[in-house]
Structures are given as structure tokens and as C-alpha cells.
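Q: Spelled out from the first residue to the last, the chains are:
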Amino acid sequence: MAAAILLRRTSVPFTSHIVDPPSRDVTTTPAELLTFFRDMSVMRRMEIAADSLYKAKLIRGFCHLYDGQEAVAVGMEAAITRSDSIITAYRDHCTYLARGGDLVSAFAELMGRQAGCSRGKGGSMHFYKKDANFYGGHGIVGAQVPLGCGLAFAQKYRKEETATFALYGDGAANQGQLFEALNISALWKLPAILVCENNHYGMGTAEWRAAKSPAYYKRGDYVPGLKVDGMDVLAVKQACKFAKEHAIANGPIVLEMDTYRYHGHSMSDPGSTYRTRDEISGVRQERDPIERVRKLILAHDLATAAELKDMEKEIRKEVDDAIAKAKESPMPDTSELFTNVYVKGFGVEVSSEV
Amino acid sequence: MAAKSLREIRRAAAAGIGSRRCFSGDAAAAAAAAAGVAEGKVGGGAGKEVNLFTAINQALHIALDTDPRSYVFGEDVGFGGVFRCTTGLADRFGRNRVFNTPLCEQGIAGFAVGLAAMGNRAIAEIQFADYIFPAFDQACLRYRSGNEFNCGGLTIRSPYGAVGHGGHYHSQSPEAFFCHVPGLKVIIPRSPREAKGLLLASIRDPNPVVFFEPKWLYRLAVEEVPEEDYMLPLSEAEVIRKGSDITLIGWGAQLAVLEEACEDTAKDGISCELIDLRTLIPWDKETVEASVSKTGKLLVSHEAPITGGFGAEIAASITERCFQRLEAPVARVCGLDTPFPLVYETFYMPTKNKVLDAIKATVNY
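So the sequence lines, in the order shown, correspond to chains A and B.
Per this note's numbering, residue 445 is the first one in the first sequence, and the count goes up by one each step.
Per this note's numbering, residue -19 is the first one in the second sequence, and the count goes up by one each step.
Hints listed in this document are in silico derivations from the structure and should not be mistaken for laboratory results.
Ideal placement from N, C-alpha and C gives every residue a C-beta, glycine not left out.
It is possible that some hints are incorrect.
Claimed, not checked - Listed next, the stretches of chain A that the computed footprint assigns to chain B, with coverage defined by at least 3 CB atoms under 8 angstroms from CB atoms of chain B:
hint	stretch
1	554 to 565
2	584 to 598
3	651 to 661
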């Protein structure tokens, strides 16, 4: 079964800006589809669990959930390698999982524990994974994009034939620094892919209220762009594969992923004051990335509905176990307050007067 | 952050409020006259008990109501903002005067300066003080144009400070950065009543103002706030507790911590004089100097990291003015020189116990 190659057309055609779009025909395998289903389901379950942990006050502070957008993280990862770099904003839990991060360190970080991927010092918005070139979660809207272009510069300089995917939202697309970063990247032909995860709301403001042109894939002007159905994991995979090749050969490209977040912007936003419940349930019914893959699996008889249900049950247990394990991890040592501020032995020690 | 100490501050504020002189900048006087606000009548009326975000909300309603050239804008302010400070404004004054901006802090600040330069009152919100850095280089217009232009109608509101669990990007206190910009005014209120009066004065002040609101107190601090239009003076510190052994200075949410410390040390027979600086630049050196001349000792306390914090400026200025009357080195109880931490926030913070230790050390020097 695993060796079989399946050919699948993307749900909608790619729309492109000053570049020929890639083919709509995507190759996949039964094993890949089952992996997609599993990975996205783990992410979904993790975010729902994070929601509960937040409400139970085990996660404090600021927390932004990714459920609905899973196909972007999973499809992108399928198209690239861990030598390629990814950098994103504060909605970063699932990107971390996609880069190979494990559930225990994710939950531990969310709860500010030692076993967390940033040793409990970053929290929800600041996940990192160096060995997989995940340059993290960033707390300031848009600020990660120029940084991503710097990563791409280093890759080009080292002639690594790798690329950087710098993710941002439709809200961040209106930040001036994006255009500065695009100009530099285009000027120096950096292997940078600017990925706009367009979930249609910048915090509580609809895209059309904030952007004169919500056609984000065209916003690079002299930089090519591609609009992708970000709820179709195969389309995301195809687009990212294409974008990586393009970026290494020619310089930057903008990918606009048409996606949707089911939760509000953050935990303080119920997500229903600026959009209708019908809109949310409509997307769930018609475009849900996991349900699409489930249908595909069932249509090709790659697994039975019962087998997929069992897998989901297993995932639920896996997530619960990870939470239990993360809870066992102690808080960071109090001395950690003073570590990682300066490099030791270079004439500076952290001082505190009181 | 005991409710008790806030109540104490509230009483002190209520006691002192009638004696304050009215703010009398040109624009303020004009705006006050237009609104029928009698000079000298500064928030003397009775009001309802409200929290800090509601007091801010009242001030914004009044500001928009009394000056047709005033505008409120920022990220998500249209539906009330993340801290509900702008609730109801869009419904009452319409989308032409109260509107959401795209997420672009530099754009918001630059746009606000331009709007103000055309003679309007631009009341911009930066959603968290931590997001203000991309907006940094949009500042003073008056000096470089030889007064040809100015952006005096500009007020930037932004929630600052710790909130218990905000982590690095939702907790910082960046006031000292802005105190390094001649031409700006930097205001931080300590309570709902103060917030309303100081915000209205800031909006009507003919200079650009950065107004930091203590987000920890948005819901926590509750006191009686006059419903009417009133202003509190800028650049005027307030002695909120008289004492003779040591002067304590702070601003914003830190006042509640200092107030508690005052009460605790009083039990040990130490009499603290507590000053709310209220305006950081240009600050009221005279009031502080008079107090330190009397007590001979000074302690400054703020949440921002100690090195390069505004406490350093106060310490230097007061040492210069009161050198021969100082009986101990100026003490600073501030945030640690670490990035604002996610875990162990309480260790980072200038807590009551740290203040108590420093008071004792200074008094017994």
C-alpha cells in the first residue's frame, strides 16, 4: 500500500502574480495521506487541550491557537527539509510540532515548566527548535519577517541551497517593515519565501477593513506571488515545493495561504464579535483541512472510518499523557531569571541592586 | 496589590483634589471654555465608583464630545479595544472619528502626527506599550520646523506594565525611552480618578503626550470618579502622604506598592512621605526637592529595569539639588536588569518587601 502513488488535483487552481503557477496535479502516497491526517489531528487536539488548560489557569498570559490552519504547517513541512528554515509569529505551537517538536515540551512550555522547548522562559508565543531550524515564535506582529530575510541571506551566503519560510498573518501584511524586507530580498535575490497565512482577520478587524488590497500574493509588486488554498494540505505542499525551487533559483516569492482560524485571535477574544457563528461553522463543514483528508482516505479505501476514529482516540490519549507528563516537570530554577541575559565571562554579569 | 492600599490612595486623592489648581494651557483653556468647564473647578463633583478602564472611557467620551476635531484610532479600538477602553465610542461618534487602523504601529504614530499637525486632536492607541517600538522614530515636529508646524494635538495612549503573567512582550514599562525625547510629555496615572483628569489634560495639552496606562489596574483599581469634565495638572507631582523620615517617589501601579510599604513602616515608627510624580517629563523637581530637603532621604521605585530607568534621572537631579541635605544615598527599587520574565515575575518586580528593605537601609544609613 505504502508504495502506491496517488495523483490528486488541488481543490482550486493556483492564482499567480508575475510567475507561471505550478501544476494542480499533486502526487502523494497512502502513507503520506495517513501521516497528514494524523499530524493535523494531533495539532487540533493539542490546541483544544491548550484551550482547556488556559481556562483552568494552568496556562497563563497570552495564548493564540492554530486550529483550522493545520494544513499550512503540515503541507509546508512535507515540501521542505529540516535544513530549510521556518520563522513565524506568536501562533506558533503547531509549527513547532510540524518541525518535529514533541507534545510534552510543547505543553511544558505553555505551562512555563523546565521541560519546555524554551526551558519555560518563553511561553506560548516563544517556541523555538534550533536542531530543526525553527527560528521561532515572535511576539510582535510582523517583526519576524525581516529576521527571516536575514536567515535567507545567511543561507545564500553559505551556498546551502536551502530556503527560509517567513510566516506572517494578513494583519501583519500591512506592516511597513514587510516591504523593507521584500525590497532587500528582491534586490539581493535571497531565498526567502514570505508566507502570508491569510485567516481573514487581523485580530478583530476583517482583512478588507485593514487592507486596500487583500490580494496579499500581489502585494510584493515586483516580487512574484501565488495564492493557495491553505485548507488543502496537498495544495500547500505543491506550492511550497514550487516556492522553494523558485526562491533558490530566482529570489523571493510571496505565498498567500487562504486559511481560517476557528478560535478567536487570542484567549481574550471569543472570536464571535466581528464574524458570525454561521461563517465559522460554514468553514468547518466545507473546508476543514482534516475532514478533507479523511474523505480522501475513505474514498481511496486507505483506511476505514472506524480505523480513523481509533487513531483519533489514540491521539487524544497521547495528548492527555503528554499533559500529565508536562505537569510533572518542575518550574525553572529561580536562578534562571538571571541566565541567558549576557554571555558569561565577557565582563558582564547580571546585576540586581536589591 | 491589596485593595486596601488602593482605597488609601483613593482617600488621599479625594482629600487633595479640591485644592489643586486648574491646568491652564492655551488649548486646554479654550477646550474647557468651549465645554463650559469652569476654571478652578477640577473634578470637585461627586461621581460613581468606577474602575480605571471605565475612567479612561469616560475621558475619551468627553474629549470627543467637547472637541469636534478630536479623533480616536488604533488597532481594534472600533469594537472597544482589548481592554475595553474605547467601548461605545464608535457607536456614539461614528466611524469617521473612531476607527480601526491596520496593524502598523509606525503608520499609526506617523498618521497621528500628521493629523495633529493639521490642527486636530489625534488620540491614538498603541495596543500594548511593548508594540510601541516600531513607532519610535515618529516624534517632535515643533523644534525642527521652528514652530512652523507642531503635533501638539497628539496623544498616544498605551497600556504598560506587569500583569502577572504577560511574559516578555505584554509587560514592559518603556517610559524611560520616551523621557529621552525633549518635546514629548510622558504621563502615567495611578488610579481611575487620576487617569480621567490627566488624560483629558493630556489630550488638550498643546504638546505631544505619551500616556501610559497601568493595565494591571484597568479592572483592579476602583474609586469614585466625577462624571463631569475635569482636568488634573500636568508636570505637577502630588504629595499623597505626608511624612518626615524619607521621601518615596513612584508612578502608576507602583504607587499602590509604595503605599503599602508606607503603612508597614509606620508600624515601625518610620514616617514616609509619598509622592506620585504623575508627569515624568517635564517633571516637578520643586515638589520632590522640597520633600527631600525636609526628609533628607529619597527612594525611587519603578517597574522598568534599574539601569537607565527614569529613577536614575531623578536620583541624579535630586543629588545635584539637595547634595548637602541628603543624609543617605538615593535608593532605587526597580525591575531587575533582565528581560521581562515569563516565570518568576514577582522576583523581577520591585515588590513591597524589597521596598521595605530599602527604606530601612536608607533610614538607618
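Q: Please check whether the stretch 554 to 565 of chain A has three or more residues whose CB lies within less than 8 angstroms of a CB on chain B.
A: With 3 residues close enough to chain B, the hint holds.
Q: Closer than 8 angstroms Cβ to Cβ for three or more residues is the test here. Does the stretch 651 to 661 of chain A pass it with chain B?
A: n = 3 at 8 angstroms, threshold three: holds.
Q: Report holds or violated for chain B covering the stretch 584 to 598 of chain A, Cβ cut-off 8 angstroms, minimum 3 residues.
A: holds (count 4)
No hint from the list above goes unmet by this structure.
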